[in-house]
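For the protein sequence lines, the chains are B and Z, in the order given. Heads up: the first sequence runs through residues 200 to 655, numbered per the working numbering. Heads up: the second sequence runs through residues 54 to 179, numbered per the working numbering.
No wet-lab data here; the hints were simulated from the structure. Treat the hints with care, as some may be off.
[Said to hold, decoys possible] DSS-like, lysine-lysine: derived pairs with alpha carbons at most 30 Å apart:
| no. | chain 1 | residue 1 | chain 2 | residue 2 |
| --- | --- | --- | --- | --- |
| 1 | B | K384 | B | K312 |
| 2 | B | K332 | B | K312 |
| 3 | Z | K166 | B | K452 |
| 4 | Z | K166 | B | K621 |
| 5 | B | K452 | B | K380 |
| 6 | B | K372 | B | K312 |
| 7 | B | K454 | Z | K166 |
| 8 | B | K514 | Z | K138 |
| 9 | B | K459 | Z | K138 |
| 10 | B | K459 | Z | K166 |
| 11 | B | K385 | Z | K67 |
| 12 | Z | K166 | B | K536 |
| 13 | B | K463 | Z | K166 |
| 14 | B | K307 | B | K332 |
| 15 | Z | K138 | B | K536 |
| 16 | B | K312 | B | K283 |
| 17 | B | K463 | Z | K138 |
| 18 | Z | K125 | B | K536 |
| 19 | B | K380 | B | K463 |
| 20 | B | K448 | Z | K166 |
| 21 | Z | K67 | B | K456 |
| 22 | B | K452 | B | K514 |
| 23 | B | K514 | Z | K67 |
| 24 | B | K448 | B | K262 |
| 25 | B | K262 | B | K307 |
[What the hints assert, rightly or not] To be clear about the criterion: a stretch of chain B counts as covered by chain Z if any three or more of its residues have a C-beta under 8 Å from a C-beta of chain Z, and this derived list gives those stretches:
| no. | region |
| --- | --- |
| 26 | 212-219 |
| 27 | 292-300 |
| 28 | 383-395 |
| 29 | 402-412 |
| 30 | 476-482 |
Cβ atoms here follow ideal geometry from the backbone N, Cα and C, with glycine treated the same way.
Spelled out from the first residue to the last, the chains are:
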Amino acid sequence: MEYMIRLAQCHETFRVPELQSVATAVGVDLEIVSYDEFSPYCIVKLQNDEAARALISRTILAKDISELWGQGTNYDELHADVRKRTSHLWADYHGIPLAFALYGFCGKRSQDKRLEIIRSFAYMGLTGPIQLKNPPLQFIVMEKYVSDSEVNILGASRTKEPRQVFLGRFIAKSCRDAIDKYDLKKRQYISTTSMDAELSLVTANMALAAPGKVFFDPFVGTGSFMVTASHFGALTLGSDIDPRSFRGKDEEKEKGKNIKANFKQYDIESKFLDAFTSDLTNTPLRNAQLLDGIVCDPPYGVREGLRVLGTRDGKVIEPVMIDGVLNYYRPGYIPPKRPYGFEALQRDVLDFAVRSLVPNGRLAMWMPTSNDEAVEFPVPMHPNLEVVAVSVQYFGNWARRLMTYRRLPDGEVSDISKGRSKADERGISADELNRFRRKFFARNYEITSEAKKAAQ
Amino acid sequence: MKVITANFVTCSVKECKTSPNSFPLHFHDAELEMQELDFQPEFIRNVIPRIDWEGLRVTANELGFPSLPETKPEGEALYDEQTLKDLHRLLLETQVMEGRLICGNCSHEYVIKEGIANFLLPSHLV
Numbered sequence: 200m201e202y203m204i205r206l207a208q209c210h211e212t213f214r215v216p217e218l219q220s221v222a223t224a225v226g227v228d229l230e231i232v233s234y235d236e237f238s239p240y241c242i243v244k245l246q247n248d249e250a251a252r253a254l255i256s257r258t259i260l261a262k263d264i265s266e267l268w269g270q271g272t273n274y275d276e277l278h279a280d281v282r283k284r285t286s287h288l289w290a291d292y293h294g295i296p297l298a299f300a301l302y303g304f305c306g307k308r309s310q311d312k313r314l315e316i317i318r319s320f321a322y323m324g325l326t327g328p329i330q331l332k333n334p335p336l337q338f339i340v341m342e343k344y345v346s347d348s349e350v351n352i353l354g355a356s357r358t359k360e361p362r363q364v365f366l367g368r369f370i371a372k373s374c375r376d377a378i379d380k381y382d383l384k385k386r387q388y389i390s391t392t393s394m395d396a397e398l399s400l401v402t403a404n405m406a407l408a409a410p411g412k413v414f415f416d417p418f419v420g421t422g423s424f425m426v427t428a429s430h431f432g433a434l435t436l437g438s439d440i441d442p443r444s445f446r447g448k449d450e451e452k453e454k455g456k457n458i459k460a461n462f463k464q465y466d467i468e469s470k471f472l473d474a475f476t477s478d479l480t481n482t483p484l485r486n487a488q489l490l491d492g493i494v495c496d497p498p499y500g501v502r503e504g505l506r507v508l509g510t511r512d513g514k515v516i517e518p519v520m521i522d523g524v525l526n527y528y529r530p531g532y533i534p535p536k537r538p539y540g541f542e543a544l545q546r547d548v549l550d551f552a553v554r555s556l557v558p559n560g561r562l563a564m565w566m567p568t569s570n571d572e573a574v575e576f577p578v579p580m581h582p583n584l585e586v587v588a589v590s591v592q593y594f595g596n597w598a599r600r601l602m603t604y605r606r607l608p609d610g611e612v613s614d615i616s617k618g619r620s621k622a623d624e625r626g627i628s629a630d631e632l633n634r635f636r637r638k639f640f641a642r643n644y645e646i647t648s649e650a651k652k653a654a655q
Numbered sequence: 054m055k056v057i058t059a060n061f062v063t064c065s066v067k068e069c070k071t072s073p074n075s076f077p078l079h080f081h082d083a084e085l086e087m088q089e090l091d092f093q094p095e096f097i098r099n100v101i102p103r104i105d106w107e108g109l110r111v112t113a114n115e116l117g118f119p120s121l122p123e124t125k126p127e128g129e130a131l132y133d134e135q136t137l138k139d140l141h142r143l144l145l146e147t148q149v150m151e152g153r154l155i156c157g158n159c160s161h162e163y164v165i166k167e168g169i170a171n172f173l174l175p176s177h178l179v
């Protein structure tokens with residue numbers, strides 16, 4: 200059967216991958232019939248209403264789902280399609296209290312015109328009384344006008360009338376409300392690098408977070424991915440090279456602000472496993488298939504320096520005894536760290552995912568790119584991982600991508616010939632090693648100097 | 054640090070990873086705290102195949118828990134409520150708040166403070 204999903208008109212490249220991932224997570228067959236990046240209206244094929252409810256119940260980048268009763272490029276076509284598709288169904292809905300709603304995308308109708316449109320469906324002969332609050336039967340008329348983006352990007356010309364119209368029988372709302380629940384502004388414990396609620400929830404969906412699963416974030420920070428993966432039922436584990444990030448800095452610690460406070464706030468304490476201090480390049484996790492999902496946003500080396508264990512010059516610092524105790528066992532000991540390259544770190548994450556994920560387990564990893572990489576973007580690849588999706592969020596002079604991988608069962612390999620083959624530049628300082636950081640600051644320097652010149 | 058996490062980790066030192074002596078890390082001076090959590094049988098069932106049973110028996114013993122059965126529960130035993138509850142209590146509800154974890158291969162000690170284990174290494178072990 201065909202269903203209409205009303206998507207959120209944002210994060211366009213994440214929308215279909217999220218739907219497909221949720222379908223996998225809840226175990227329903229999903230076929231995308233029509234999708235347009237400039238439109239919120241996406242038509243899909245699903246087995247039945249139950250599958251539609253399951254799918255939408257944990258989708259973030261959609262508003263709701265309806266059974267598709269008809270579509271057309273104008274109302275004449277729509278009415279003809281409604282008659283063709285549904286005339287045999289009308290009798291089933293006799294006497295049921297109902298409501299009609301009309302949504303326009305990039306266009307509006309006057310109240311009189313809305314009523315006129317709704318009345319034009321009178322031929323369906325639905326006899327139920329009108330009930331506006333929680334109606335058991337609800338129809339949605341959806342209109343799609345030419346949007347600003349289509350005018351600006353595609354050169355489309357504006358029209359007075361909608362370009363597409365649809366009628367749907369409402370089935371269920373999405374879980375988009377969760378964005379408000381997990382809003383960073385209301386969260387107990389956050390930092391400057393916390394990922395926003397919407398994309399943290401989408402990331403958890405991409406990695407198929409679900410009850411009974413073990414999830415891990417090796418760059419946990421304040422735990423944005425841990426709480427959202429746990430929101431969907433997974434038990435979550437996190438680690439970070441800097442324990443202050445998850446247990447709170449001194450002042451925060453006193454106020455009880457830490458990762459656990461967030462789990463408490465959202466009433467998901469039973470889903471918290473542990474947070475521990477470790478470095479991914481020297482991880483304590485055993486080499487075994489322990490994890491169902493890995494979600495992470497590795498430090499870019501811009502706001503947070505990218506560091507791993509070791510010394511800058513590679514020289515070992517010999518241990519010494521102080522007051523009869525080895526220096527590295529004394530309280531307050533901080534092990535030396537060295538700057539690390541971003542490309543190397545990504546390869547380490549992929550290797551780690553291959554070692555630690557169960558077959559078909561997923562890795563969802565974020566990666567920043569400067570805009571010169573925007574057109575052709577080679578994705579880091581590994582023969583034991585299949586690239587499931589690559590989605591991109593654009594900012595002014597940079598972008599970040601969410602790359603989702605599936606751990607292939609042993610015996611299957613993927614083609615990695617188009618994979619990323621970049622290496623880090625040689626050097627030891629953060630700037631020398633990290634091309635993205637250098638470009639980011641160089642570009643910002645240009646902007647600042649231009650602004651200064653303009654001001655003079 | 055929960056017992057399940059202790060079962061997932063070994064020594065951070067790369068050379069130790071291949072030595073059978075490095076797992077499980079041994080608890081010393083462990084101070085335990087019990088925390089009641091929602092019972093999640095689905096999770097326990099899913100995670101049992103990933104538990105290193107021999108290692109869990111050693112850890113349970115070191116922490117003063119009654120001995121676990123010699124073999125890992127399988128098949129129907131995975132649907133026995135008491136078995137699942139006992140494992141739930143040991144793996145998820147038992148936390149080591151203070152103490153040390155020591156590698157049986159290289160003898161390096163990892164400190165657990167306020168429930169957080171620190172697996173960072175000094176430069177001569179990296």
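Please verify the coverage claim for the region 476-482 of chain B: does it have three or more residues whose C-beta sits within 8 Å of some C-beta in chain Z? Contact hint for the region 476-482 of chain B vs chain Z: holds, 5 residues under 8 Å.
**OP:** Between the region 402-412 of chain B and chain Z, see if three or more residues pass the 8 Å beta-carbon test, and mark the coverage as holds or violated.
**Re:** Since three or more residues must qualify, the claim that chain Z covers the region 402-412 of chain B holds, with 3 doing so at under 8 Å.
Note to self: Please verify whether K262 (chain B) and K307 (chain B) have alpha carbons no more than 30 Å apart.
What the structure shows: holds (19 Å)
Satisfaction of hint between K312 (chain B) and K332 (chain B), Cα-Cα up to 30 Å: It holds: about 22 Å lies between the C-alpha atoms, which stays within 30 Å.
For the pair we were handed, K307 (chain B) and K332 (chain B), check the Cα-Cα distance against 30 Å. This hinted pair holds, its Cα atoms lying about 23 Å apart.
Quiz prompt | Pair hint outcome, K452 (chain B) versus K380 (chain B) [Cα-Cα no greater than 30 Å] | solution = Judged against 30 Å, a Cα distance of about 24 Å means the pair holds.
In terms of beta carbon proximity below 8 Å, does the region 383-395 of chain B have 3 or more residues touching chain Z?
-> Per the Cβ count (0), the hint is violated.
Discussion item. What's the verdict on K384 (chain B) and K312 (chain B), does the C-alpha distance respect the 30 Å limit or exceed it?
Written reply: Judged against 30 Å, a Cα distance of about 40 Å means the pair is violated.
Does K372 (chain B) pair with K312 (chain B) here, judged by a C-alpha cut-off of 30 Å? holds (26 Å)
Item checked: Distance restraint between K452 (chain B) and K514 (chain B), which requires alpha-carbon spacing of 30 Å or less -> Not satisfied, since the Cα-Cα distance of roughly 35 Å exceeds 30 Å.
Q. Holds or violated: are the alpha carbons of K312 (chain B) and K283 (chain B) at most 30 Å from each other?
A. Answer holds: K312 (chain B) to K283 (chain B) is near 25 Å, not above 30 Å.
Compare the distance between the alpha carbons of K514 (chain B) and K138 (chain Z) with 30 Å, and conclude whether the hinted pair is satisfied. violated (50 Å)
The structure shown violates the earlier hints numbered 1, 4, 8, 11, 15, 18, 21, 22, 24, 26, 27 and 28.
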